[in-house]
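Chemist: Spelled out, the chains give:
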Amino acid sequence: MSIGFTSHQYRPSAIACNIRILALICLILGSFTEASKCYGQEIERLEPDLIDAKEPFDVIVVTEDKGGEEVKILTLSFRETPPNVDPKDKLEVVITKFPDRRYEIAWRYIDKILYYEQRIYDEAKEKMAAQDYSGAFQNLSFLLKNYPNMPNLEQLRLQFIFDSALERYKKGELRQTLSALEELRLTAPAYEANRVMTALSRVADSLITEYQEGGDLGSAQTMLDRMKRQYGPDLPVVTKWEAKLEAMARAKLAEARRLADQKKYRAAWKAAVQALGIFPDVDEVKDLMEEINRTYPMIRVGVMQRSGALNPSSLVDWPARRAGSLVSNPLFRFLETGGEGGRYGFSLGTFRPSDDRRQLFLNFDNSVQTSVLPFDLAQKLVNRSDPEHEIYDPSWAAIFESVQVRGPSQLMINLRRPNVLPHALMQWLLPNDPAVQGSLPGEYQLAPVDRKVPEMSFKLRGFVPGESESVNGQPVEIVEIFYDDPKEAVNDLLLGDIDVLDQLYPADAVRLKADERLLVGRYALPTSHMLIPISDHAYLQSPTFRRALLCATDRDGMLRGELLNSDSREDGRLISGPFPIGDGDNDPLAYAYNNKVTSTEYSPPLARLLLLMTTKELVRAATKKREPEPKLEKLLIGCPDFEFARVAVQAMIQQWTSVGIKAEMVLLKPEEINKDAPCDLVYVITTMWEPATDIERLLGGNGLAATDNSYIVQGLERLRECRNWPQIRSSLQEMHQLIDYHLPILPLWQVRDRYAISRKVEGLRNDTVSLYQDIQDWRILIDSSQPVSRK
Amino acid sequence: MSSQQITNRLALRRWAPLLLFASCIFSTLAKTPAQDSVKIWEYSPYEVEIWYAFQPEVNISDIARQQFISDLTHELNRTYRAAWRIQTSELAPEWSGIARRNFEEFTTNDLTENELTLAVAIKHESCKTIRTLEAAVEKLDEILVTESGMARLLRAASRFEIEKGSATEQLLAKCKVQEGMDLEQIKEKLANAEIPCAMLPRSELLPMLEKVRMLLTTIPWHTDNILKSKDKVIFLSIGQEGDRFTIQARELDCPMQFLGATFSASTFYWPHASRNASHCVVKAFAPIARVEEADALSATLLHRAGGLIVRNENPAKLKVGDVMQPIVRRDGKNGVPTLLQPIAWTFAVLTPPVPDEDEEKESENAAGNATDAETDAAEVDAPAEATPSNFSVATDGSEEEPLDPTDAGIKMNANVYTYSNGPGLQGRRNRRTQRILLRVRPTVGETDIKAVIRNTLKPQAGSFIYQRDLLTGEFEELGRTDWRGRFTVKVPEKNGKFLEARERKRRLFAKRDAQQAANIAKKDLDDVPEDISPEDLKAKQQAVKDTEAALAVFDEYDPESDLDSIPLNYPLIEIYIKNGNKALAKLPMVPGLKPIEVAEVADDQRRLQAEAFIRGFQGDITAVIGLRNVMAARIKMHLTDNRLDDATQSLVRMREIPTYDQLNDELDSIQRVMLDEKRGPIGISQKREIDGMFQITSDMLQSYLQDSLFQQSLKAVEDAGGDTVGPKKRNMIGN
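Chains as they are written, first to last, in this note's numbering: chain A, 1 to 791; chain B, 1 to 735.
For the record, the hints were derived by calculation from the structure and aren't laboratory data. It is possible that part of the hints are untrue.
In silico DSS-like cross-links for lysine-lysine, where the CA-CA straight-line distance does not exceed 27 Å [stated by the list, open to error]: (1) Lys522/B - Lys616/A; (2) Lys586/B - Lys624/A; (3) Lys586/B - Lys625/A.
Please build the complete structure, drawing on both the sequences and the hints.
Modeler: Below, the structure written as structure tokens:
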């Protein structure tokens, strides 16, 4: 007779079920992640002696009269002692010490057989009794894995979960406890139903209390919702907290109403939103919000970049351009791209170039309310061309010849030579001086700024709460709220705390698109991101070193990976120059882009080599001048306080470090992004939508990237002399090549930003170039069937 | 007797000894016309005419005005002593309007344009041989003049004593007014040669120069006469603004017809006005020197009236470190200047005398006589040829401060600074060509350099401006020209220093010699034979050390402690205009001398454009060369480590690097674009330079990329059993 081991046969469903349970147990034991990934290894490592044996073994306890000895034998083929065995019969066994021999033992000498799994089971129970849940878990997991059909095993598992959950609760690990109890309730609803539900309610109560005490009423509300949905409204925690939250919400509502009565609508709205967040089912809150909307329509805009200066024409300051268009109008404003350059609007009326492009006629519209008269403007134009004047603008002076006032409503500007886009150079803010006070104000004005709060408020000009009335829901106040964390911004948008979010990551955009309450759009034009050297760092003066920086930067990987997490060319593309590449060859925006100039490839070996070459160049030059050898000082990269830029800069720093270039990030306030910023390079997001003139604004004498490179300077001169579009295109494309050769700026990528806006706000054009471009058309739908705020 | 006459008499008594001395000299010199025309430059005082004009608003009595003029004359005589012979007179009425309206900017043309000038009809038979005023008054019977013109002539003549029988008297006698004939009719008749001659305003004659010949009308009140007979005219305007008296002075250098800048002063106290005016005149006055000899870097100058100055503080004295601006005058056969022009971007700086052996001997002889000369000016009889050239005589009667013999000079040496390839002060020398230098008088706080392209006068925008230190030769970048081609150079807070030209040259040669010696010693040491004796080796090593030490002296140069350096008295600087890698111009200048200086530079746009592309392309080539070598080395390393897969991968990367052919094609394409005449014509020299740059780049390609580096790597991988069939497509790196 031979005794052999039979292998266990597992059913797939059983395995899946057990794995889930094991994962849960792992979670309970506080090693959720690691254990769930590699529980097998962990178990093997943690198994105590019994379950750590090389081979399972049973134990035969010999009767007392034969010595009462315990003999380890290889596991028997049966796992339960057969009833009615003949004591004279013999049991054939293999003693573990002598695996090559077979022994026989008469049943009458066997006191009892201790089966391997039963011993593990018993040990687990002992450990549970001793509150050694970690040890018990090992046993239990072993049994579930190897002896899933063992009787009473499931009962032991449930007991383990319940007991260990209670133990966790005692330790204050509420989330884990609740999770365990809910799992228990889900997988074994009949098991100690009352006790489990009571425990579950108590744990949930503690957890909600914790949320409430921590001020996170949103999470409290979410949890309460779930409890109610899953376990019914009669659950004690639900009844208790519904009453409590409703009371709190009503208190907030009362506060909101009081504030509204005091005409503190912004605070009232905030309180109402908070009331909704606490308990959304108080209908009066929604009524109050509609009332506020009617009386004092207001839009809260989440922004990812805080506004500093307010300049609607800024080339390198996205937030200044955004918020600036609320408070002032430039003389000329870029509206959209056209077949030949951009389309512009003249804030004071209409304009027309002469056929030979030597003159520009400005016709004043008398219906435009402004204090700017033709003579005032003519004087400004002259002052801009006067090298001695404080507002001297070399780019303008280079094309301006003279100006004539041709009556009360027309100016004729004479140009030195034909120019196709003189008005693009006139995107100026008229300063508030006595001659032109309040010259071209925007729809809104900046309210006093409280530096402690990350908010800026813009109020509709001429609107006095309680005295004026909003026109058809036109927002009387725009509140910009700065978000450091995009996730938080998205969350607030979903919660209804904000109505608009000005910049979105592609992944967030996809997620928000699915929300019916929101409209997700894409700005008509992309932004171009680049690094601009601004210091006299010895190495940065060398184009070879600047090339090394580019070679050391895995721009493609960064853009598609950590920055956008998107492969779509519409979301972002690498660029080899400062100009936008647009959406393709047919995109009129791309008129300056030279497609023959491809992006510098990522090549760390080449970067190292170029770094070495730079060092040699500099040492040679220093030796020649009898100066000390320059050292490669740590580069300081100025970065706007914007998640996207921060991530990009941090990634670049890591990559540069790997080739031997040390760098450090310096966060800059928007107003600090200028030539005097305390850094060597600055990360800049430009709105280069009119390359023909914007390149001068970037690289020219007054530009952030003003360069002393003769070749670029001469290229700009050639551009100024262009008389028609073919010449401009050709000149810009040459400029692109030169910029790639000499790298006065380090081009990175272009990004098409998206925004999300609540459907209760109307008027934002689908193809807007900047958020507030048509702010005068924005309206809040007061009687919309859509909920004003969150569901 | 008027108060003016009384004052003049008093002044005469006071200055009698000096005038006596001066008259001794000049009466001798004025003996004959021939002698009169041959003035002894270094012993002739400046003939200075002060033309003053009290503006109508000046509320001062006649007596006070006369006192002002008297005090001014006295003050100036006391200041300049023998170096000046001064005359004062009121500005002629016809010019007082100009002085009032446009004192700071009027030109000699403004003065002369309304002057009645004698002109003859070129085609008129009787005028064909007439070239001078004397000939005209002798040969012509009558000279037509308008009625108003006649009145002006008579009015002006009444202010002068007309010498009998003089050309002026004859001219006045022949001037006739023809009834009913106005200016236009006379012009028409003269142009048609219906009349032989007429006296008409110069501005009316200038457009008719094809038909009429203007004659030098040297009548006493005429500018031509003043310019011929005087050295300097100082225009002095006395005005009043409220309670404040304003003084303005401008100098006209007569031989050079060069009008200087305006110098102003003001006072609330009238008795101080004459002293203020004197200060203005002193500031406006520019002492002059004449070029005697010149080479490219230096010149010998003769100091006008230098023999009459002994005091260092005499404003007419030229001193070491003074900066002089040259003007060239070329006369026609009749003595009429055909060229009067400051030599652009050229200056001379006076240096200490460096006596040659003969001069040293002369100096020694003269030194014994100097004391006597200083003590009694009247005893000095100083013919030019007998006077030591580097030593002046004490003819201004000074007893206040002895002349510094090393700083004194009639004959002076100077460094010459001129533009790139400029002639400096060299040039044809003859009786009709003079090169005169005036001491500079900066008046404004900054000067705009306006760079324009030669011939087109198009602004040269974006060029870089450097300043080169005259002493150390080091460059400093100042900035770049704006869209107008302008760059503002501010007057430096401190004037620099410089080295005398010969000393600078000596040091350059010495440095070159030291460098050569160091190179030779080093080469000697490198080439030593193996069997050299230890002593010889040690000697060679010592030679290297010694020569390097000698060279280090130049490297450790400290300009502050250079005893040979000479401080400049005026802010002369050397400006370089650079376009890309090419210096377009070297321009010595004195900031503050003029508000704007125009620099014409060669058109360099196409060359710079080509350079921009070539330099960029060369950067790409360098990257390609480097990357190829890195890849080849990696392949070798991988094969050594038996990492065939890695070697194959590196080979694939190496295959993607552009080849010689690809880069050469791209270079050709750039060259075609850069030399495309459709983009505008390219000058011959520009084309030559562009071709040179392309040739260098092409050579670079051939030298570094036309090799078998890839083939060697490929074979190495193949030999090791690697898969060498990879993608054939090649992309440009960084392009």
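Chemist: Taking the hints in turn, state whether each one holds.
Modeler: Checked hints:
Our distance criterion of 27 Å between C-alpha atoms is met by Lys522/B and Lys616/A, whose separation comes to about 23 Å. Distance check on the hinted pair: Lys586/B and Lys624/A sit about 23 Å apart at the alpha-carbon level, within 27 Å; holds. About 22 Å separates the Cα atoms of Lys586/B and Lys625/A, which keeps this hinted pair within 27 Å; it holds.
The earlier numbered hints are all upheld by this structure, with none contradicted.
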